[in-house]
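These two chains come separately, so use the hints to put the complex back together.
Residues per chain are reported as follows:
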Amino acid sequence: MKKGLLVVAGSLAMTGCVKMDGTVSGGGTMHSLGGKGKAVFTVNAQRCDDKPVKGHVNFRDETAIDWQEKGGVAFKADVIGAGLCGPDIGDPADDPLLVCQQACETGMYQVDFEYDSTNPLNPGPGTGFACMTDLGEGINGYKKMHGLVNVIAINAGPYLGYVNGGVVSGNIQTKECPGAKNDDTEATDENA
Amino acid sequence: MKKQATLIAAAMSAAISLPAISADSMRLVIEYQNGQGDAVKAALAERGIDVLRDLADYDSLALNLTKEQFADLRSVAGIAEAYPDVPRKLLSTGELGEISPYGIAMTQANKLSYNGGTKVCIIDSGYDYGHPDLPAANVFGEMGLSGPWNEDDHSHGTHVAGTIAAVGNGEGVVGVNSDANMNLHIVRVFDADGGFAYASDLVGAVNDCAAAGANVISMSLGGGIQSPIEERAMDRATRDGILIIAAAGNDENAAHSYPASYDSVMSVAAIDSGNNHAYFSQRTAQVEIAGPGVNTLSTVPRGMGTGGVGQVSQAENAFEAAPAVGSATGSITALVTDCGLGTEACADAAGKICLIERGEIAFGEKVANCEAGGGVGTILYNNVPGSFGADLGGDTALVAVSLSQAEGEAMVAGMEANITIQPMADYDYKSGTSMATPHVSGIAALVWSHFPECSGTGIRLALRETAKDLGPDGYDYQFGWGLVQAKDAYDYIAANGCKSPKGKIHGGDGSAR
Numbered sequence: 031m032k033k034g035l036l037v038v039a040g041s042l043a044m045t046g047c048v049k050m051d052g053t054v055s056g057g058g059t060m061h062s063l064g065g066k067g068k069a070v071f072t073v074n075a076q077r078c079d080d081k082p083v084k085g086h087v088n089f090r091d092e093t094a095i096d097w098q099e100k101g102g103v104a105f106k107a108d109v110i111g112a113g114l115c116g117p118d119i120g121d122p123a124d125d126p127l128l129v130c131q132q133a134c135e136t137g138m139y140q141v142d143f144e145y146d147s148t149n150p151l152n153p154g155p156g157t158g159f160a161c162m163t164d165l166g167e168g169i170n171g172y173k174k175m176h177g178l179v180n181v182i183a184i185n186a187g188p189y190l191g192y193v194n195g196g197v198v199s200g201n202i203q204t205k206e207c208p209g210a211k212n213d214d215t216e217a218t219d220e221n222a
Numbered sequence: 003m004k005k006q007a008t009l010i011a012a013a014m015s016a017a018i019s020l021p022a023i024s025a026d027s028m029r030l031v032i033e034y035q036n037g038q039g040d041a042v043k044a045a046l047a048e049r050g051i052d053v054l055r056d057l058a059d060y061d062s063l064a065l066n067l068t069k070e071q072f073a074d075l076r077s078v079a080g081i082a083e084a085y086p087d088v089p090r091k092l093l094s095t096g097e098l099g100e101i102s103p104y105g106i107a108m109t110q111a112n113k114l115s116y117n118g119g120t121k122v123c124i125i126d127s128g129y130d131y132g133h134p135d136l137p138a139a140n141v142f143g144e145m146g147l148s149g150p151w152n153e154d155d156h157s158h159g160t161h162v163a164g165t166i167a168a169v170g171n172g173e174g175v176v177g178v179n180s181d182a183n184m185n186l187h188i189v190r191v192f193d194a195d196g197g198f199a200y201a202s203d204l205v206g207a208v209n210d211c212a213a214a215g216a217n218v219i220s221m222s223l224g225g226g227i228q229s230p231i232e233e234r235a236m237d238r239a240t241r242d243g244i245l246i247i248a249a250a251g252n253d254e255n256a257a258h259s260y261p262a263s264y265d266s267v268m269s270v271a272a273i274d275s276g277n278n279h280a281y282f283s284q285r286t287a288q289v290e291i292a293g294p295g296v297n298t299l300s301t302v303p304r305g306m307g308t309g310g311v312g313q314v315s316q317a318e319n320a321f322e323a324a325p326a327v328g329s330a331t332g333s334i335t336a337l338v339t340d341c342g343l344g345t346e347a348c349a350d351a352a353g354k355i356c357l358i359e360r361g362e363i364a365f366g367e368k369v370a371n372c373e374a375g376g377g378v379g380t381i382l383y384n385n386v387p388g389s390f391g392a393d394l395g396g397d398t399a400l401v402a403v404s405l406s407q408a409e410g411e412a413m414v415a416g417m418e419a420n421i422t423i424q425p426m427a428d429y430d431y432k433s434g435t436s437m438a439t440p441h442v443s444g445i446a447a448l449v450w451s452h453f454p455e456c457s458g459t460g461i462r463l464a465l466r467e468t469a470k471d472l473g474p475d476g477y478d479y480q481f482g483w484g485l486v487q488a489k490d491a492y493d494y495i496a497a498n499g500c501k502s503p504k505g506k507i508h509g510g511d512g513s514a515r
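Protein sequence lines, in the order shown, are assigned to chains Y and S. Convert by adding 30 to the 1-based position in the first sequence; the result is the number in our numbering. Convert by adding 2 to the 1-based position in the second sequence; the result is the number in our numbering.
Errors might be hidden in some of the hints.
Straight line, CA to CA, 27 angstroms or less: simulated BS3-like cross-link-like pairs of lysine-lysine [unchecked claim]:
| no. | chain 1 | residue 1 | chain 2 | residue 2 |
| --- | --- | --- | --- | --- |
| 1 | Y | K66 | S | K470 |
| 2 | S | K501 | Y | K66 |
| 3 | S | K504 | Y | K66 |
| 4 | S | K113 | S | K501 |
| 5 | S | K91 | Y | K68 |
| 6 | Y | K68 | S | K504 |
| 7 | S | K113 | S | K489 |
| 8 | Y | K66 | S | K91 |
| 9 | S | K506 | Y | K66 |
| 10 | S | K506 | Y | K68 |
| 11 | S | K489 | S | K501 |
Cβ-Cβ distance ranges computed for the label pairs, FRET-style [to be verified]:
| no. | chain 1 | residue 1 | chain 2 | residue 2 | range |
| --- | --- | --- | --- | --- | --- |
| 12 | Y | Q132 | S | E173 | 42 to 52 angstroms |
| 13 | Y | G101 | S | G505 | 23 to 33 angstroms |
| 14 | Y | S199 | S | G505 | 18 to 28 angstroms |
| 15 | Y | K84 | S | D56 | 41 to 51 angstroms |
| 16 | Y | G46 | S | G305 | 41 to 51 angstroms |
| 17 | S | A347 | Y | P150 | 56 to 66 angstroms |
| 18 | Y | G46 | S | G361 | 36 to 46 angstroms |
| 19 | S | M417 | Y | L190 | 47 to 57 angstroms |
| 20 | Y | G191 | S | T345 | 26 to 36 angstroms |
| 21 | Y | P150 | S | D471 | 27 to 37 angstroms |
| 22 | Y | K84 | S | L343 | 52 to 62 angstroms |
Okay, the calculated bits of chain Y under chain S, using three or more residues with CB under 8 angstroms as the criterion [what the hints assert, rightly or not]:
| no. | region |
| --- | --- |
| 23 | 76-82 |
| 24 | 88-97 |
| 25 | 185-195 |
Keep in mind that the hints were calculated from the coordinates and are not lab data. Beta carbons: idealized from backbone N, C-alpha and C, even for Gly.
The shape of chain S in the complex, shown without the other chains (with noise of 0.2 angstroms):
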């Protein structure tokens, strides 16, 4: 009997075991027949029931219930639906750091002028307004329930808004749009901890984009789950002429995520700085475009900054560098030698600073054989095209840096160079379809400031049309359509003119699901 009665106990809960919901209260989305809103309110509030976000455009109600106030809303009248409020959370995958805005470059940022006009809406952590590398003057947000949106003691949200918008200053980094006067609006969504902001906080949060009038809402983040009132509000912004970009997820499979895999919305994959798809980057038939997402290097808030910020010169060569983590920060200038991989004490590292190739043993390793040989600093390299983050497993004394397989390749030996790990506390690295996602957005918001007259369906497509091909011939799952180049998208409609076809617009290659 025991048995048969907790079957009823598993049996209730099984209406109401949902990811993500504490053992103690669950997220629900409800909407309500048409007319009924306020009576449906009314039912609530009489049985204690929170209302977490009044979705009025969509005659719904996002609640927060305990399991005894689930089974009494069965005595609610004029509930139409119900359905989970399912998580979302942010895309970035971490700290390591190969130095740079490499991807400002890389996407032809560097060759077209924020025209003025377009504003971005990022809906994040929130943004560290005061930060003297980012816009202020045409900056303001709303004050969600995760904080106020001009602050953010997270980091993720800060770090997205700098690859947007970070400013030509002399200093710091810059960001696709460098222009002090970019048009910027924050919804946050995500607190300090970063956990989990919910579907229906994102339905909110894409209306408050709307309200302000932004062209690009950006997404850095995703989950696994559809939500239908998600689903309609992007459906609905874009219908209103808002382009959406979201990041394609971080879980190293080929499952959808959402918003990302929304027809309605873009999706964002990541490259390194190698043109090589990420690892993590998920890949699916909704994958629309790629960005630079791999160790990128922009603002996080003021004192956050953990790594410093690296730099490999010799000769008329400078190369952005990731610093390893556990190296020391300095400058170093000295003769450079090749230890190879660096799998013994390098024989002839007194004084010199050792170049040894990524491979066989630990990073930690090949830096102690530098140091056993008298080594004063270490540049390792990759083995395989692209960037990579060293983590050495504990401190050293020397400076230590990594770089790409061709910029390591492009290291003389016998030839001084400098390595130099400076600390900067407001700026650091982070990974993810996070970091691909803002590329694209700050760069949707470039072209369009040049060509007002176009809606966001129209700069889409002209970013679809125009993108750098990787990978093999055409569209594929873990580019998409390649890589997003400003400057052709720019040329591109410059010479054709902004396409706006009637219906439905489809992501990935553009074909129905």
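Chain Y on its own, in the form it takes in the complex (with noise of 0.2 angstroms):
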């Protein structure tokens, strides 16, 4: 385990970040986007060896308070792209949809996705990205922190300029793919 924190230690001061395998699953409730309300999602992504970028996240914030007099935001989403932001060591992406957000630091989980509007007072197609972060719920499952809703931004359609984030009153459970192991031993090796 110590040689495994060097390497994050190490790893931390290096700058760029890179969608690595893993998985997110989660949700709950957070703060809306200045409203009195809460803000609700679920989300569940994965990137697991070479298969596809699979997932889902359905969202309602009815209060945020520049959609709200037209109901609020409410969509569904597939995922586009998704990945456990790590540090870009030794092999640069030469993918661009591999790279995380500025947002997205080391140790967070992006998610990219399409969304349609389930609001038909809102309604219409566009895209958006989140970053969370596991602060206990999943592998390094620790007392009771809570996720956190790094933040999650609306880039395209009818919820264009929507940008959230806070404590999540739930969970956000980032985990390694079904089947992976630790190779601690392997890693510091390669990267001390």
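Take a look at the structure:
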């Protein structure tokens, strides 16, 4: 374990993040974008081996104050990009889709999605991304720490400009892909 | 295999990669189980873990951990809960300036006098104790981790304090309360850089304020992520009768900022001298009231003022004017000539003061066109309601200031006027919900001083009830209930007494979240 931690300490000093294999699942509530209510969401996504990225996001924030007069923000989305953001050591990402957003730092899980609005008063498709941090429900399960949506941002469609984030009442779990095994020794040997 | 190994590294950091946490250490709040405090502290000491704050009132400790110590924390028995210690920052936007304590008249603070007794606790970057325009007799503070309370090598805290309490002594500026015997308590949580404080720092600060007998706590600071222990501290202080007031935030968006968006805290939006919503002021359903927060003039630590203080006068009109950044200082008296938008050399400017409307070209070009026409001074005025600050993008030999649209339109061409920019090293302009907040905090203390029987909640409801409605009719997310009004709040309580409803008071429009 100590060797693994040394890898972390060393790698955190580097810049740039790329998406790596792993899964995320969870959901719950967090504060609305400025409104009185709660944003409610579920998320699941996985990037594993060479299989296609897959997953879904459901999101609703009825009191987001720039949309609440028309029923708020509500959409269902398919995941088109995903991964646990890690330091770009050794293998520079040649695919721009593998590069994490600047807002998604090492240790956060990024999900890119294409959505369709489920609010008939704000219809249409769009795109967005979210960065989330597992603070203790998943692989690093610890005490009663909650998950964190570092940011969810909509960059196209009827909810363009929606940007929110906060502590999750619920959970965010990031995990290794099914069947994956740790190999601290080799990691340390290659990166020490 | 390397990718897999890196995944493990990243997954480890998932638990510890929190906002604003450095690569080498992290800040965490832990809550220990009842009666386990001593055992937990002993266990932490054995592991060499620093306790930054002992928050015994909340069975909690604020820690600074290395990543190795974080992993080791798992073996400590008696910990009930742990969560990130989230950062809080100062909420002023910069130095550009329009002159004034214009907010004093706007908020009716000039219609009421401090009656003694109430105390404001300012949680900020310190206080320039000994400043000739700030009270000293009844000002005390806490020696914090960020430096001595009675010094301020940042300037934010002294600016906030001046808005609350600059003394009416015939020089400098006056605050909402101008009595030299005003009671203040200073808790310093920001250092000279003004970077970040943490939620746990605020918990300690609020406790210090309460212990000092504060009636009002003023926090011109905030951050985007909630903190359970911070909310508990705010709730507890409010329950105990304190009124807590905080800045809504300057991020130009609709996101909540904390502590302002906790229900137990009054969230303050910023407006300019024309009652317009400040573009930077965050719009949320927790915004409760508004105060002047654009180009507000107040005290800064002695010698830290940079821009000087401006004034324009003509006949019986005298306007506080914002010195343009890059302007010369001095005093010019001359005839005024109207140069329109000033897009070319002003034809009739020789030996005169150019009056130029904002728009189309840069401020620096407008002043250059005045000078090209032989002008000796420039007054730039707004093309929309409200005030603004002008940056010339370089230095000019002319004295140049800016006025609001209404003030500019009141200037008469062909008549003599005077422009003065006087260097004042102990004063300066700042903008932000940080500047709006002390207007409300000061007025809360001012009104409360006349009704010592009131609770914080009673004062809060009176301020809300009597705010001057701005924007759409009634409550709205930009202004809350509107601009705080001191005399109207006083009259309201005098007529109706103080309301002290039981149960939880909610922020914003008063409805539950």
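Against the structure, the hints:
1. For the hint pairing Y/K66 with S/K470, the CA-to-CA distance comes to about 23 angstroms; that is within 27 angstroms, so the pair holds.
2. Between S/K501 and Y/K66, the direct Cα distance comes to roughly 24 angstroms. Compliance with the 27 angstroms bound is thereby established for this hinted pair.
3. Taking the CA atoms of S/K504 and Y/K66, the gap is near 21 angstroms; set against the 27 angstroms cutoff, the hint holds.
4. Between S/K113 and S/K501 the CA atoms are separated by roughly 23 angstroms; this keeps the pair inside 27 angstroms, and the hint holds.
5. The hinted pair formed by S/K91 and Y/K68 meets the criterion: a straight-line CA distance of about 25 angstroms does not exceed 27 angstroms.
6. Of the pairs offered as hints, the one joining Y/K68 and S/K504 holds, with about 25 angstroms between alpha carbons and a cut-off of 27 angstroms not exceeded.
7. A C-alpha spacing of about 6 angstroms is found between S/K113 and S/K489, which places the hinted pair at or below 27 angstroms, so the restraint holds.
8. Restraint check: the Cα-Cα separation between Y/K66 and S/K91 comes to about 24 angstroms, which is no more than 27 angstroms; the hinted pair holds.
9. Taking the CA atoms of S/K506 and Y/K66, the gap is near 15 angstroms; set against the 27 angstroms cutoff, the hint holds.
10. Pair hint S/K506 plus Y/K68 holds up; C-alpha atoms about 19 angstroms apart against a cutoff of 27 angstroms.
11. In summary, the hint linking S/K489 to S/K501 is supported, as the alpha carbons are separated by about 17 angstroms, within the 27 angstroms threshold.
12. Judged by the Cβ atoms, the range 42 to 52 angstroms given for Y/Q132 and S/E173 holds: they are separated by roughly 49 angstroms.
13. The hint said 23 to 33 angstroms for the Cβ distance between Y/G101 and S/G505, and at roughly 31 angstroms that hint holds.
14. As the Cβ distance of Y/S199 to S/G505 is approximately 23 angstroms, the hint placing it in 18 to 28 angstroms holds.
15. For the hinted restraint 41 to 51 angstroms between Y/K84 and S/D56, the CB-CB distance of approximately 48 angstroms keeps it satisfied.
16. Between Y/G46 and S/G305 the Cβ separation comes to about 43 angstroms, which falls inside the hinted range of 41 to 51 angstroms.
17. Under the hint 56 to 66 angstroms, the C-beta atoms of S/A347 and Y/P150, about 59 angstroms apart, fit the expected range.
18. For the hinted restraint 36 to 46 angstroms between Y/G46 and S/G361, the CB-CB distance of approximately 43 angstroms keeps it satisfied.
19. Between S/M417 and Y/L190 the beta carbon distance is about 51 angstroms. The supplied range of 47 to 57 angstroms therefore holds.
20. For the hinted restraint 26 to 36 angstroms between Y/G191 and S/T345, the CB-CB distance of approximately 34 angstroms keeps it satisfied.
21. Between Y/P150 and S/D471 the CB atoms are about 34 angstroms apart, so this pair conforms to the stated range of 27 to 37 angstroms.
22. Range check, Y/K84 to S/L343: Cβ separation about 58 angstroms, and the 52 to 62 angstroms hint holds.
23. For the region 76-82 of chain Y, the stated coverage by chain S is violated: 0 residues have a C-beta nearer than 8 angstroms to a C-beta of that chain, whereas at least 3 were required.
24. Note: the region 88-97 of chain Y has 4 residues with beta-carbon separation from chain S under 8 angstroms; the three-residue rule is met and the coverage holds.
25. Here the region 185-195 of chain Y counts 3 residues with a CB under 8 angstroms from a CB of chain S, which clears the bar of 3, and the coverage holds.
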